[in-house]
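Given the sequences, and given the hints that come with them, work out the whole structure.
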Amino acid sequence: MKNIKLFIILSFVLVLSSCEKDFTNKNQITNDQVYSTEAGIVGAVVGMTNHFATSSYGAIVEVPGITTREIGITSTFATPFELAQGGTVLPNENTGVAKIWSRLLRDKGVAEEIIANIDNVNIEPAKKAGLKAYAKFFKAMTLGYLVQSFEKVPIDNSFDGNAVFSDRSDVLKECVNLLNSAINETDADAASYINSLVSTDFSFADVLNAYAARYNLMAGNYQAAIDAADKVDLTAKSVWIYDGVNQKNPVYQFAVFDNPDTWPTDNFGLTGDLAPDPSDGRIAFYLSPLDSVGTDETGAWPIEGLLGFFSSESMSIPVYLPGEMTLIKAESYARLGKLADAVDAINTVREKTDDVFGINASLDKWSGDSGDLKAILDEIYMNRCAELFFSGMRLEDSRRIHNEFVPSKEVDVKSERNRNFYPYPYEERINNKNIPADPAI
Amino acid sequence: MKTKFKMFYGLLFVLLFGQMTAQSSLIKGTVTDGSGEPLIGATIKNLTNQDVTLTNIDGMFEINAKNDDLIECSYIGYKTAKKAVNGSLLDFIMTNDLLKLDAVVITGASGLTTKKQLGSTINSVNAEDLGEAPSSSITEALQGRISGAQITRNSGSPSSSMSIRLRGPSTILGSSDPLIMIDGVIVNGDARSVVSLGSYSQNPLADIDMNDIEKIEVLKGAAAAALYGSLASNGIIQIFTKKGKSGKPKISISSSINFNSVLKLKPYNDVNKKWVKNDAGEYVTENAERYNYQDYIFDNSQGHENHISVNGGNDNTKYSVSGSILNNGGILRNTNFDRKTFRVRLDQILTNWLSVSVGNYSSFNKSKEIPFANAWTGNPMVALLFADNSVDGKPDKYGKYPNVGWMSNPYEDIDLIDIYQKNIRNISDIQLKATPIAGLNLKYTFGYDHTSSAGKFKIPFGFTRDSKGNLTKNRAETNILNSSFDGSYKFNVNPIISSTTGFGYSYQNKDYEGIVLANDKIPEFNNIDIISGDATGSNYLKEISYWGGYVQQHFGYNNRLFLTLAGRVDGSSTFGKDQRQQFYPKVSMSYTLSDEDFWANSLGNIFNTFKVRGAWGQAGNLTALDRNPYGIYYNYGVGSYNGNTSYYPSTTSGNIDLRPERQTELEFGVDMSLLSNRLGFEITYYSQNVEDLLLQRNLAPSTGYATRLENLGSLTNKGIEIGANAFVVNTKDFKWNIKATFSKNTNKVTHVEGGRISLGGFGTSIAQTDEPLGVFYGFFFARKDGKLVLDANGIPQRAQGHYEMKKTSDGETITVAVQDFDDNGQPKGEKLKKILGDPNPDFLASFTNEFTYKGFTLRAHFDAVQGFDVMDWDKRIALKYGGGYFYGRELAGEKPKGYYSNQYYIYEGFVEDGSFIKLRELSLSYDLKLNSPYVRSVRFILSGSNLINISNYWGYDSEVNFEGASNGARGQDFGNIPIPKVYKVGVNFNF
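As they're listed, the protein sequences go chains A and B.
As numbered in numbering that gives the first Met the number 0, residues 0 to 440 make up the first sequence, in order.
As numbered in numbering that gives the first Met the number 0, residues 0 to 990 make up the second sequence, in order.
Treat the hints with care, since some could be wrong.
Said to hold, decoys possible - Away from chain B, derived, C-beta distances all over 10 angstroms, residues of chain A:
id	residue
1	N183
2	N220
3	T347
4	E350
5	F356
6	E409
7	R416
Unchecked claim - In silico lysine-lysine, DSSO-like type, Cα no more than 30 angstroms apart, as pairs:
id	chain 1	residue 1	chain 2	residue 2
8	B	K830	A	K413
9	B	K827	A	K413
10	A	K432	B	K830
None of these hints come from the bench; they were simulated from the model.
Even for Gly, the Cβ is constructed at its ideal location relative to N, Cα and C.
See the structure below:
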């Protein structure tokens with residue numbers, strides 16, 4: 000009897016001894032796994048590409064696009080509404096501004112972690128070189144897009160919440176340095192590994208030179224910009240890809256899909272003297288006619304349907320456009336005083352009929368005053384607006400080329416741009432003690 | 000019969016206590032209540048020889064006893080009486096036990112104990128006290144029955160989740176809902192949603208049929224339960240289902256039908272005009288017809304319920320089996336809830352020292368849903384708010400639904416959106432009880448609660464706002480396994496001091512897996528109900544475990560003074576490894592002063608019973624991270640791009656130092672009965688302090704992350720709760736009983752990072768230091784000297800000015816709005832926000848009158864929640880959109896155009912006082928006792944719930960919350976379904 004009792008009591012205890020207390024996350028992996036293994040680093044490279052292409056890219060196009068009239072608004076929702084009104088009506092809390100800021104900083108954070116950890120991971124040299132160079136490119140690109148919208152930017156993310164901000168010139172210098180170092184470290188094997196890893200159409204060597212050209216121009220290194228642009232093979236294609244199911248073209252998602260409230264404006268939002276020639280082939284490339292206007296409070300901009308690289312959820316978006324290279328050269332020549340070379344480059348773009356992406360202005364030569372720097376820059380601006388429509392470059396271009404224009408602090412729904420730089424997002428402002436003052440406008 | 004009972008009990012006790020009973024002569028007696036009514040089934044126990052019997056249908060008993068034997072008579076609801084035998088007759092006249100001090104309670108005690116011995120409050124509600132009102136669930140039936148409990152039905156959907164706050168909210172991130180137990184087994188009490196429908200969730204207790212319930216015990220607060228520890232930091236609701244009794248099978252059949260309707264329609268724009276621009280570009284009115292879409296959206300619906308139970312058994316084996324079918328319509332057209340349940344419980348005595356109890360509860364339910372509140376797609380309730388009702392919403396002759404605004408057409412939503420949720424629930428348990436040596440009780444419980452859920456959300460092809468259609472299917476599986484071992488050893492140190500030592504260990508494991516498949520382009524033919532083509536999918540897995548052990552020492556002095564000391568260690572897998580296991584002490588005492596001679600001789604005539612009690616204890620909140628079980632890790636999500644696997648960090652940064660919130664509670668109170676036990680009070684004061692409150696803290700985006708979970712806050716709840724019970728009239732034929740409760744809780748957030756954080760409700764619900772949790776924060780009216788500052792057109796405006804910094808009591812700095820005005824006295828500067836209202840009620844009260852005349856019982860139960868604010872988003876939208884009531888006032892010319900629509904951003908204008916008094920129950924029942932051998936009794940019931948709502952609230956119903964079971968965001972009304980008015984007709988047969 001006693002034994003049976005003991006047996007039963009013991010069996011209670013045995014049933015209880017099978018207690019599991021530690022569970023790993025079966026939905027996700029942890030940072031230690033990511034940055035200590037080849038599979039993790041490769042996955043992080045693919046992951047940041049995926050996030051940038053499907054999420055960050057949408058914010059890069061949408062937000063400055065509203066500020067610079069590429070986009071007309073058909074609702075009164077706060078986020079696009081405040082952007083369209085601009086001036087100091089645009090608060091730190093605007094979620095559009097916060098979107099560019101936080102998405103790009105997340106991508107940059109991953110790139111920084113890869114750069115910091117890859118040397119300690121056992122990966123075959125060509126792959127390692129390619130992965131590291133790609134992370135450097137990514138850091139340069141995210142920094143670049145940030146500094147196009149914000150006056151000062153932290154070059155390095157900081158876990159403690161107090162990242163240090165750098166001036167625009169230092170940021171652009173860092174972008175150029177990162178790209179130069181990536182160019183030096185990327186041999187053909189490394190490049191071909193990256194090309195097949197991140198996209199179906201990708202030419203890493205050309206991408207590196209194209210972005211080096213872009214940031215050299217922004218930094219005022221005109222000869223370096225020309226040199227880098229010259230190294231880009233204009234027949235090569237590099238694109239961010241979307242399968243239309245798990246990854247959707249982010250511009251299609253905000254400007255085409257499901258009756259959106261953000262639409263491309265007529266004539267790329269260019270008015271008056273800057274308006275494109277009605278026969279400009281780029282109009283038909285990017286826009287489909289639509290007889291509609293945006294809301295009165297946002298300037299009643301006439302709007303069109305969007306084509307280009309954005310008319311379906313699975314269309315690929317170029318990483319850069321060959322036309323940008325020619326226009327970088329045109330502007331660099333112009334700013335170096337080589338006006339004739341500048342006009343030649345402009346005409347190359349105007350007369351283009353064989354663009355690898357099909358962006359063909361098919362216009363006659365420029366008929367403006369080839370001795371007038373301002374006229375040349377305006378023509379470059381018009382061509383950049385048409386050629387690089389919906390690529391997130393407009394705010395930078397408008398501020399650089401039309402820097403004499405000072406946006407109003409009041410509501411402005413008509414001017415070419417209604418901000419120079421965005422105010423720093425609220426969460427950064429209240430949580431980072433190193434945050435600089437908001438820009439005046 | 001009688002002898003059988005006697006023999007059985009006698010045998011049982013002989014076996015259990017291993018003592019031999021002495022033979023003696025039979026004595027006889029009658030047991031009656033104060034009004035002379037015989038009490039049937041009262042337990043008569045000879046404390047000297049341990050003989051036991053029950054009274055018969057005439058209240059009579061016979062028991063073996065000899066002179067001077069002490070006989071105890073006990074009956075539920077009456078005070079236990081003891082008398083010494085003197086002669087051969089012994090009658091008992093029982094007095095009502097208003098305080099139920101002698102009632103045996105199970106929850107939270109180590110072994111059986113009486114309420115008298117507890118230092119903390121416990122509320123025990125018997126099935127008959129739950130009333131006859133038609134209720135969607137047990138939780139709803141408990142509304143207004145328990146002091147200190149605020150129970151809110153979050154929406155009028157038939158299976159809507161409920162929010163239960165025992166003594167106020169105790170966490171922000173986690174759930175403040177109490178632990179739910181059924182027959183000693185911890186079950187899944189998490190509000191669930193299979194299909195994603197905004198914040199709307201279903202009540203997991205809607206799976207249980209009310210007719211299966213014997214009683215409910217409610218324990219509040221951290222001090223209460225050593226037994227369940229930190230899982231019970233929000234209190235416990237334990238449900239006891241009916242058990243079998245020895246004797247012939249007793250069959251009960253009950254059947255009812257109910258009629259649901261909307262209590263009140265919202266005012267809408269019934270002005271038959273619309274705005275047009277004239278040639279001069281000015282707005283003028285033109286005739287237009289206005290339609291009331293609410294007539295179509297809401298529908299009077301019916302429901303029915305049938306329940307059958309069979310109870311019976313013999314000396315060693317007892318069983319209880321039941322089944323039910325319920326079908327209830329929603330008041331939102333095309334919604335319903337259909338449920339079938341099946342229950343069995345078997346109790347078996349194995350040997351003289353070992354018994355086993357096995358139970359199973361199976362429930363199958365399916366609900367047809369239509370989106371509402373913040374479920375945006377296909378939502379007729381929200382579409383109604385934004386719709387311009389100058390268009391007839393009905394489809395044209397080609398079946399096309401007209402556009403009525405920027406959202407979908409409510410008629411189309413109701414007619415075409417196709418959603419169901421299905422749950423199959425299975426709760427099983429096995430419980431072993433052993434008494435290996437006298438005084439030592441051991442109990443092992445193994446329980447398993449499994450839910451399989453499935454759902455579908457279909458937007459058909461050709462739907463106006465999503466012409467390609469959409470089909471989403473969800474599957475989810477939840478398992479909760481628990482196993483606990485409890486022991487207690489009871490012995491008498493000496494004749495007046497008793498000691499009970501309790502100890503135990505428990506382990507729970509919770510796992511969840513959800514799978515979603517979706518396709519946003521579906522075939523034209525709507526009979527196709529499978530997902531094909533380009534489908535997207537996702538999958539989520541969750542595993543959590545909790546464990547804890549305790550030791551408890553209980554001393555009793557002379558059965559009047561009790562002291563309990565306990566210590567517990569609790570842990571949960573969701574916290575940081577070094578932090579997750581914590582120690583929590585508890586101490587409590589109770590003293591029944593009225594048992595002392597000095598009391599009985601002095602105050603005893605007024606205060607027949609007087610007990611003082613107090614308890615102090617700590618508990619962790621182990622479930623606060625249940626929704627974020629992997630918050631300690633830096634997690635990288637898995638995806639794919641260009642055919643390669645991708646990893647990308649979550650927006651939430653990891654934190655390996657996360658630890659459980661710690662709650663410290665002190666409570667003390669008195670239980671007393673007065674006026675010959677006609678009037679009873681239970682009064683409790685409590686003070687609760689929660690530290691290390693878990694919060695999602697926003698990070699600077701330059702960290703690469705958006706948020707991190709941190710132990711950042713603290714809050715307090717202080718309050719008083721009073722329960723009162725009075726037998727006003729207590730005669731043989733007529734009885735009048737009053738029950739009342741009153742509770743007042745004051746909640747205060749004592750620390751949050753930065754002094755203020757947002758919690759939800761479109762950013763308007765916040766936690767701010769020195770304020771109650773969930774106060775509303777938003778734009779307010781420009782005012783000068785208390786008067787509205789109007790613009791040139793006489794229209795109220797938003798306050799403008801600047802913010803100044805203010806230190807809060809925890810040393811944080813917050814902004815405080817200061818209005819500025821220009822030279823013309825008009826507002827100037829930044830648009831300002833301030834605290835606009837508080838969703839926490841000033842007090843809760845309930846008042847129940849029950850009249851019994853012969854077989855008739857009439858009961859009226861009023862429930863009041865007073866002094867709380869609601870953010871009425873419906874009212875806001877009615878200011879500006881065409882179908883809105885206020886828009887109509889501008890059209891009618893009562894106010895200038897723009898008067899209301901310009902107030903759209905002035906949130907203060909739609910913060911409303913939500914105070915209400917509801918008639919929760921009005922019921923009339925008639926019990927017909929038949930002495931037929933086949934039908935023992937029949938009961939007829941006519942009842943209604945929510946028949947009257949006394950409230951100045953503008954919208955449908957202030958007692959809802961679009962944020963569903965959310966903890967921090969309360970009192971938010973947006974496109975919500977009001978609580979229906981229900982009438983019920985029912986009949987119960989007992990065979």
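Do the hints match the structure? See the list:
1. N183: 26 angstroms, holds
2. N220: Non-interface label stands for N220 (chain A): nearest chain B Cβ at 27 angstroms, farther than 10 angstroms.
3. T347: With a cut-off of 10 angstroms, T347 (chain A) remains clear of chain B, as the shortest Cβ separation is near 33 angstroms.
4. E350: 35 angstroms, holds
5. F356: 19 angstroms, holds
6. E409: Check passes; 14 angstroms lies beyond 10 angstroms.
7. R416: 23 angstroms, holds
8. B:K830 - A:K413: Answer holds: K830 (chain B) to K413 (chain A) is near 24 angstroms, not above 30 angstroms.
9. B:K827 - A:K413: 25 angstroms, holds
10. A:K432 - B:K830: 25 angstroms, holds
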